[in-house]
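Participant: Single-letter residue listing:
Number of protein chains: 2
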Amino acid sequence: MNATTKVKRRHFLIGSAGTIAAAAVGGPAIGQDGSEPLPDYVAWKDPDDFIVHSKQTLETKRAAQGSELITPSNELYIRNNLPAPPDEIVADRDAWEIEIDGVANPGTLTVGALKTLGVETVVCVLQCSGNGRAFFDHETSGSQWSVGAAGNVVWTGVPVRAVIDAMGGAAEGMNFLTGTGGEEIPEGVPKETIQVERSLPTEAIDQAILAWEMNGEPMPLAHGGPLRLVVPGYYGVNNVKYVRRLALTAEESPNKIQQTSYRVRPVGVSGDPSQPSMYEMNVKSWITGPLMDAATGKVQIHGVAMGGVSDLEKVEVSTDGGQTWEDAKFLGPNLGPYAWRPFILITELSEGTHMLASRATAQDGQSQPEEFPPNERGYGNNGWRVHAVDVTVS
Amino acid sequence: MNATTKVKRRHFLIGSAGTIAAAAVGGPAIGQDGSEPLPDYVAWKDPDDFIVHSKQTLETKRAAQGSELITPSNELYIRNNLPAPPDEIVADRDAWEIEIDGVANPGTLTVGALKTLGVETVVCVLQCSGNGRAFFDHETSGSQWSVGAAGNVVWTGVPVRAVIDAMGGAAEGMNFLTGTGGEEIPEGVPKETIQVERSLPTEAIDQAILAWEMNGEPMPLAHGGPLRLVVPGYYGVNNVKYVRRLALTAEESPNKIQQTSYRVRPVGVSGDPSQPSMYEMNVKSWITGPLMDAATGKVQIHGVAMGGVSDLEKVEVSTDGGQTWEDAKFLGPNLGPYAWRPFILITELSEGTHMLASRATAQDGQSQPEEFPPNERGYGNNGWRVHAVDVTVS
Chain G
836 MNATTKVKRR
846 HFLIGSAGTI
856 AAAAVGGPAI
866 GQDGSEPLPD
876 YVAWKDPDDF
886 IVHSKQTLET
896 KRAAQGSELI
906 TPSNELYIRN
916 NLPAPPDEIV
926 ADRDAWEIEI
936 DGVANPGTLT
946 VGALKTLGVE
956 TVVCVLQCSG
966 NGRAFFDHET
976 SGSQWSVGAA
986 GNVVWTGVPV
996 RAVIDAMGGA
1006 AEGMNFLTGT
1016 GGEEIPEGVP
1026 KETIQVERSL
1036 PTEAIDQAIL
1046 AWEMNGEPMP
1056 LAHGGPLRLV
1066 VPGYYGVNNV
1076 KYVRRLALTA
1086 EESPNKIQQT
1096 SYRVRPVGVS
1106 GDPSQPSMYE
1116 MNVKSWITGP
1126 LMDAATGKVQ
1136 IHGVAMGGVS
1146 DLEKVEVSTD
1156 GGQTWEDAKF
1166 LGPNLGPYAW
1176 RPFILITELS
1186 EGTHMLASRA
1196 TAQDGQSQPE
1206 EFPPNERGYG
1216 NNGWRVHAVD
1226 VTVS
Chain H
836 MNATTKVKRR
846 HFLIGSAGTI
856 AAAAVGGPAI
866 GQDGSEPLPD
876 YVAWKDPDDF
886 IVHSKQTLET
896 KRAAQGSELI
906 TPSNELYIRN
916 NLPAPPDEIV
926 ADRDAWEIEI
936 DGVANPGTLT
946 VGALKTLGVE
956 TVVCVLQCSG
966 NGRAFFDHET
976 SGSQWSVGAA
986 GNVVWTGVPV
996 RAVIDAMGGA
1006 AEGMNFLTGT
1016 GGEEIPEGVP
1026 KETIQVERSL
1036 PTEAIDQAIL
1046 AWEMNGEPMP
1056 LAHGGPLRLV
1066 VPGYYGVNNV
1076 KYVRRLALTA
1086 EESPNKIQQT
1096 SYRVRPVGVS
1106 GDPSQPSMYE
1116 MNVKSWITGP
1126 LMDAATGKVQ
1136 IHGVAMGGVS
1146 DLEKVEVSTD
1156 GGQTWEDAKF
1166 LGPNLGPYAW
1176 RPFILITELS
1186 EGTHMLASRA
1196 TAQDGQSQPE
1206 EFPPNERGYG
1216 NNGWRVHAVD
1226 VTVS
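Residue numbers (this note's numbering), protein chains in the order written: chain G, 836 to 1229; chain H, 836 to 1229.
To be clear, the hints were calculated from the coordinates, so they are not data collected in a lab. Honestly, I wouldn't trust all of these hints.
Identical chains share a label here; the pair holds if one copy fits it or two copies do between them.
EDC-like mimics (lysine to aspartate or glutamate), calculated; alpha carbons at most 16 Å apart, straight line [said to hold, decoys possible]:
no.	residue 1	residue 2
1	K1133	D881
2	K1026	E1161
3	K1133	E1018
4	K890	E1048
5	K1026	D972
6	K890	D1146
7	K1133	D929
8	K1149	D1162
9	K1164	E955
10	K1026	E955
11	K1091	E1027
12	K1149	E1161
Since the model is a prediction, treat every value here as computed from it, not as a measurement.
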């Protein structure tokens, strides 16, 4: 671990404690001291739980994640590519229309009609592709998320498979599941440059749902209500908000967000469609407490761990910077392969500074690497070393 | 089904839709139209989701329960035997002290100390003994709950077993686990008459925890923070709030709440310790939608089901008043034997009025009876017929 990494990590230790974060990272963050109100469209959230990077990017504080089985809606992070549509779109939720295309019998369905085609509830991690970006050594554009662009959420909606079946099945020669967001495109702006439209491999149909409920409540507008495409196991950007068209398509969307954004490539290289897109999430974990200080003697080290697209095998905790590891205990029921699991290890810490790290291993064999390779946009960071915290015990 | 039963049920159909309930049942309810604020100590809850029977008894609306996997804290019902203690008791949560007695080495532990002894997370139904009381034909004293004195909640705390072990194990000859609440007893009132102190069979130790978190947040004062005894599978009253003493005892508490209250006995008979106490919950389910009206064609019938102290085997739905039954589908992951499971059945309804009923069966073989026997205080009602709803389809 070089000095730069350490400095970056220390910034986030401070950040985890609250208000100083925004200033410390020097980015476009809005200072947030708990008294300043959140942006109007998320005014119902708990201001104490957030680091506000911008009006469209609100990060959940690391300490607030705690050992939560489910992330309460008022704590869940926000990352919008475009401003949310006006409130009116959730005034009559069942009347919201979605165009279904690339099927034998294309047509338009209301949410009310979708509700009669099938229902499923799934718990999954919602996580921004750039979660962990702040831990990279190299300069990256985009929000400097540490760990708080992630939450574990309950979604209810109709399986995409049931919708396709109801429309007569897939048309021939279709290779992608393409969802189009309902954000307003300002006049004069070519829609390809900003419209949220993502194309996913058709395997995603196995788990994708069109969801109208989040955490047991009608989907909040700020999270994509009245209807959101939810693809368990896939990074946040693929979970298209206010979805107004769902299509099986032969080609990927021509839009920038699909063609060149969200592509993993070496530092300094431009995005292009030949590079891997940010689809399936990887195995990951992080400690959420203690983050800075602890008393000597017995201490609870806790955090959250996720398998990406697989159940977890184990999560280990180290209190000596990765020299030795001990299995932590999962807390509460397993909510399925796409959900996170809180974990806990009760151990003794002596006086001094200890580097606490966690490392998750999934049942599909994936395990967190010590370092995740740098990449141009700072995506997918699951390296255990940079996610570690230095805790001073006295 | 006689006429009286039908009238009572109809009241609750109205009640489930909102404000008219309080007037319709004619009890001590405070009218609640969504604009009147909730009592101060629960002002953070969503007023639209409640029927306010009194300052100490707030019922979640049936429609609000929906098909929720977890009940959000701001929707969870309130039933307090005594007013909540002042806010100050949650100012320094880790400093709250609990006396541990009836063990080899009795003593006092802080919440901070409890947190180093072990941690578990459990999801379980919290349900008042009198939930369903309003559906009995006979007159009953006590809050006229329909289905809303219940919720499915995530709790985190230390297993009671770990606490007993840490204190050297149980003393000899102890038959009960006795928890004492921290409510203030007004001067001059004999504590036996009102103090919340419950004694449970020692088998309850297998699943009991001392919980400091509810739904991933520090335990709200209104729900027993900073520390609550949570006994998964047991009726609400046994989950002692602001718990300040936990003891293994040879005898049951001498207090009224243990000796004569919460005893199941025939109508007209006084409570006494020879009668069964309200400990383990029974198998139960109810429909949460639709409740009054529906459109012809396909409709989603949904609700919640619980096995009491056992995993569920199945839940069936009838749309013809119990003549025929069809298996419903469970929604989302199984959160364990003490949790409820939302269920759904998509079916077609023709024009007219249909009596929609649900009937749960647990893996331990228990099933909801058609009628639950009347009893003096109106406890434990899990009869499927009175929980049914008449829905008019047009």
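Participant: Sort out which numbered hints this structure fails and list those numbers smallest first.
Facilitator: Per hint list: 1, 2, 3, 4, 5, 6, 10 violated.
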